[in-house]
Amino acid sequence: MPWDISSEKSVYLQLIDVIKQKIMSGEYQPGQRLPSVRELAADAAVNPNTMQRALTELEREGLLYTQRTSGRFVSEDAGMIEGLKRSGAEQKAREFYLEMVQNGLSADEIRRLLEKAIAEETKQ
Amino acid sequence: MLKDGYVVECRGLSKMYKGFPALNKVDVQLERGKIIGLVGPNGSGKTTLIKLLNGLLVPTEGEILINGIAPGPETKARVSYLPDNNYLSNWMRVEQMIEFYGDFYPDFDAKKAYAMLESLGLNPKQKFKTMSKGMKEKVQLVLVMSREADLYCLDEPIAGVDPAARDYILRTIISNYAEGATVLISTHLIADVEKVLDEVVFIRNGEIIRHTSVEELREKYDRSVDALFREEFKC
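So the sequences go chain by chain: A and B.
Per my numbering, residue 554 is the first one in the first sequence, and the count goes up by one each step.
Per my numbering, residue 6 is the first one in the second sequence, and the count goes up by one each step.
Isolated chain A, as found in the complex:
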């Protein structure tokens, strides 16, 4: 997935989100070695110190770890990555529900819409 960082919002928070998504989607595999800070920053076209800060935060959360001599790696803890996926999905679902409620839909209508969408998407 592309980095697609906007300059309207905190770049630091956006970087954390994108890296988490790369881990959830499997673009970064458990145990995989990450490119250097400079390379990641160049890839994302962002400031290297901001990238460093984002990586440090992800290390603090346990999603990444550093081996002093060989670099930075994605956690091998499958349970943690599964948990990240689940909490991310739950939040997305909640946001979707609230947005639909704001658009004036009832819970039943939202359920029906979702089932219809699933049916259509899985048919293809």
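These are computed hints drawn from the structure, not numbers from a lab.
Accuracy of the hints is not assured; some may be wrong.
[Unchecked claim] Selected chain B positions facing chain A (Cβ under 10 Å, derived; list incomplete):
1) Lys39
2) Leu175
3) Ile195
4) Glu199
5) Val201
6) Arg223
[Stated by the list, open to error] Calculated cross-link-like contacts (lysine-lysine; reagent style DSSO-like; alpha-carbon spacing at most 30 Å):
7) B:Lys225 <-> A:Lys562
8) A:Lys573 <-> B:Lys225
9) B:Lys225 <-> B:Lys30
10) B:Lys39 <-> A:Lys562
11) B:Lys225 <-> A:Lys575
12) B:Lys141 <-> B:Lys56
13) A:Lys573 <-> B:Lys39
14) A:Lys575 <-> B:Lys39
15) B:Lys141 <-> B:Lys130
16) B:Lys239 <-> A:Lys562
17) A:Lys645 <-> B:Lys225
Cβ coordinates follow ideal geometry from the N, Cα and C atoms, glycine included.
Starting from the known structure of chain A, arrange chain B on it as the hints suggest.
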């Protein structure tokens, strides 16, 4: 090389051109290891400040220090400078320029230069005079970024290239500046560079009106630095 303190310190720095102040009592300090945008409209004093940093102009008043000393041969050996105009000889081939730079600056890394040329799709055998404006700017940037400097002064590095090439240029800068060095980028195109900056210095009529972290600005105002710039400088 000094490791502590500021790479650049200006105190009460003024530069007058025939009685007209291009810089007026500027106080600014630049930390090591930061990428800093020097941002302001045309004629605000950006190039004057950069020329003072490179010893091409002499202050009318006040003090300017690089690594704690006034600009001179010693500081020029530690500062890599990209001027806002073309300064290379048209008859040269790119590879001759690389040799020329290698003779001039002990911290110049020719291998790095060739690698950058390749990644930017430039041919070392090509003569400078047969190159487009955008290609020439890229060659100059390659030469400047191939040095292992303490301070890189880049005067309008993206002004002459098309928007698609701007990202290439920024990536070249991010990937190649020396560890722990400071990069000062002057520009009036903040939108294109703001994501790579640590800090921004806003300059207007020869005075510094704001010097701040860009992430703090974004978090505080929830807006791009470009939007803030437009507001700050609207006439």
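How the hints compare with the structure:
| no. | hint | verdict |
| --- | --- | --- |
| 1 | Lys39 | 7 Å, holds |
| 2 | Leu175 | 6 Å, holds |
| 3 | Ile195 | 9 Å, holds |
| 4 | Glu199 | 5 Å, holds |
| 5 | Val201 | 5 Å, holds |
| 6 | Arg223 | 5 Å, holds |
| 7 | B:Lys225 <-> A:Lys562 | 10 Å, holds |
| 8 | A:Lys573 <-> B:Lys225 | 24 Å, holds |
| 9 | B:Lys225 <-> B:Lys30 | 29 Å, holds |
| 10 | B:Lys39 <-> A:Lys562 | 20 Å, holds |
| 11 | B:Lys225 <-> A:Lys575 | 28 Å, holds |
| 12 | B:Lys141 <-> B:Lys56 | 21 Å, holds |
| 13 | A:Lys573 <-> B:Lys39 | 26 Å, holds |
| 14 | A:Lys575 <-> B:Lys39 | 27 Å, holds |
| 15 | B:Lys141 <-> B:Lys130 | 13 Å, holds |
| 16 | B:Lys239 <-> A:Lys562 | 22 Å, holds |
| 17 | A:Lys645 <-> B:Lys225 | 26 Å, holds |
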